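Going down the list, the protein sequences come from chains A and B.
Counting from 1, one number per residue, gives the positions in the first sequence under the numbering used here.
Counting from 1, one number per residue, gives the positions in the second sequence under the numbering used here.
Simulated from the structure, these hints should not be mistaken for lab results.
Just so you know, these numbers come straight off a predicted model, no measurement behind them.
Any given hint might turn out to be false.
What the hints assert, rightly or not - A partial selection of chain A residues facing chain B, derived with a Cβ cut-off under 10 Å: (1) G145; (2) K147; (3) L152; (4) D167; (5) S168; (6) V171; (7) L177; (8) R181; (9) A217; (10) I223.
C-beta atoms are modelled at their ideal positions from N, C-alpha and C, and glycine is treated no differently.
2 protein chains.
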Amino acid sequence: MNAIEVCFTPDLIEQHELNGKIAIVTDIFRATTCMVSGLANGVESITPVISVEECLSLQKLGYLAGGERHAQRIEGFDLDNSPFSYMREEVKGKKIAMTTTNGTLSINKAKPTAKEVWVGAFLNLSAVANALQKENMDVVVICAGWKGRPGLEDILFAGALVEKLKDSHEVADDSALMAHRLFLLGENNLLNYVQGASHLKRLKNLGGGLDIPHCLAFDQYDILAVMNGDELVLRP
Amino acid sequence: MNAIEVCFTPDLIEQHELNGKIAIVTDIFRATTCMVSGLANGVESITPVISVEECLSLQKLGYLAGGERHAQRIEGFDLDNSPFSYMREEVKGKKIAMTTTNGTLSINKAKPTAKEVWVGAFLNLSAVANALQKENMDVVVICAGWKGRPGLEDILFAGALVEKLKDSHEVADDSALMAHRLFLLGENNLLNYVQGASHLKRLKNLGGGLDIPHCLAFDQYDILAVMNGDELVLRP
Chain A
1 MNAIEVCFTP DLIEQHELNG KIAIVTDIFR ATTCMVSGLA NGVESITPVI
51 SVEECLSLQK LGYLAGGERH AQRIEGFDLD NSPFSYMREE VKGKKIAMTT
101 TNGTLSINKA KPTAKEVWVG AFLNLSAVAN ALQKENMDVV VICAGWKGRP
151 GLEDILFAGA LVEKLKDSHE VADDSALMAH RLFLLGENNL LNYVQGASHL
201 KRLKNLGGGL DIPHCLAFDQ YDILAVMNGD ELVLRP
Chain B
1 MNAIEVCFTP DLIEQHELNG KIAIVTDIFR ATTCMVSGLA NGVESITPVI
51 SVEECLSLQK LGYLAGGERH AQRIEGFDLD NSPFSYMREE VKGKKIAMTT
101 TNGTLSINKA KPTAKEVWVG AFLNLSAVAN ALQKENMDVV VICAGWKGRP
151 GLEDILFAGA LVEKLKDSHE VADDSALMAH RLFLLGENNL LNYVQGASHL
201 KRLKNLGGGL DIPHCLAFDQ YDILAVMNGD ELVLRP
């Protein structure tokens, strides 16, 4: 039986052995929700980068620049960090360079050591789980959180994945155990269950409240988003 | 209203502002359970130190040396890390120097910045909560975990404290929110609810299984254990 463990924030990534494992990065509000929405709607690729400057450099090469700082749009960028921006007609077929406070950072932290890095969201939960069941590899779910602190919504996604994989992957740490129990408590009404989460309040205050139901919708897309070199792309 | 936040492991302590706040350090299996048991049973003071060498130096000055590495007794030490060792007749009136992998480390990490550092365990939960309600200060619960990773039992204690303080301290982060929800799920049968916790398995394998019910017993002692300089002592 393979194993699944959960890393509550990218600040704890050194606690986890990623070698030979698949890292599933999740940032439900909203980076990985944007990424999955974009790739499902025809975006060619998304290149996660650490800095605003790298994004702007890639913009000069023809990429669209997307992302946020402090959950807000960045000056000179084409796209903010709302999933609906990544679903517009004009982004189809485009390459996007993206930088966010937590999600793209987590991807870039996992990349050097994990065997594979995939991106997960509630939107493609079952697709991720089904694909993982076909791989003979251990899984580490990396929750992006907020500036190093754990975020409820990401941990709920991790718990959802533990639940989906319960017949193929044993729970390998207390974080996975807790994520699983929290998810089972909230799964029938996620929207209600995430009330009180700090990131939800932050989003609502910044006018991102309309994104929330989309971020929490299960299985809207039957796609896999995987890192291939420096680009996140659909896995055929 | 004051606030309560929860730090899931000492590796995340830099994420929390401890200045002007009371830090409650908890390491249920077993450091803070030992400390509370010892002070409640007549130990004069417990000095938490980082290294085995410091413990042995203090031993030469007349302290008893206690603690563990890898959850096991240390060569040359007078006491292991079982709470029952700290309740024996011969430790009464003695000063103990103690070093453990997670608990004493957490205390020493909190000490430089927190206004006060107290130690908490299920054994003195209500005493801690009642005392906190009389202080006009924010609270950060620091969960010792295991080698930097979150541990279920410590997070349950944090959740228990959130529950006890719900009328006086607002939940200030998602970690406190999650700890609270997990505690409410498990409070009526903690012994059953911690089955599956990695530290519980570790303890049982090392013969520490008999300690577990004591570690999870609510309100056996109406005492406060607080850091005073380098020593943990009873607060009168």
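Outcome of the hint check:
1. G145: holds, 8 Å
2. K147: Check passed: Cβ of K147/A comes within 7 Å of chain B, closer than 10 Å.
3. L152: holds, 4 Å
4. D167: Given a least distance of 17 Å, the restraint on D167/A is violated.
5. S168: violated, 18 Å
6. V171: With Cβ-Cβ at 7 Å, under 10 Å, it holds.
7. L177: holds, 6 Å
8. R181: Check passed: Cβ of R181/A comes within 6 Å of chain B, closer than 10 Å.
9. A217: violated, 21 Å
10. I223: violated, 28 Å
In summary, the numbered hints that this structure violates are 4, 5, 9, 10.
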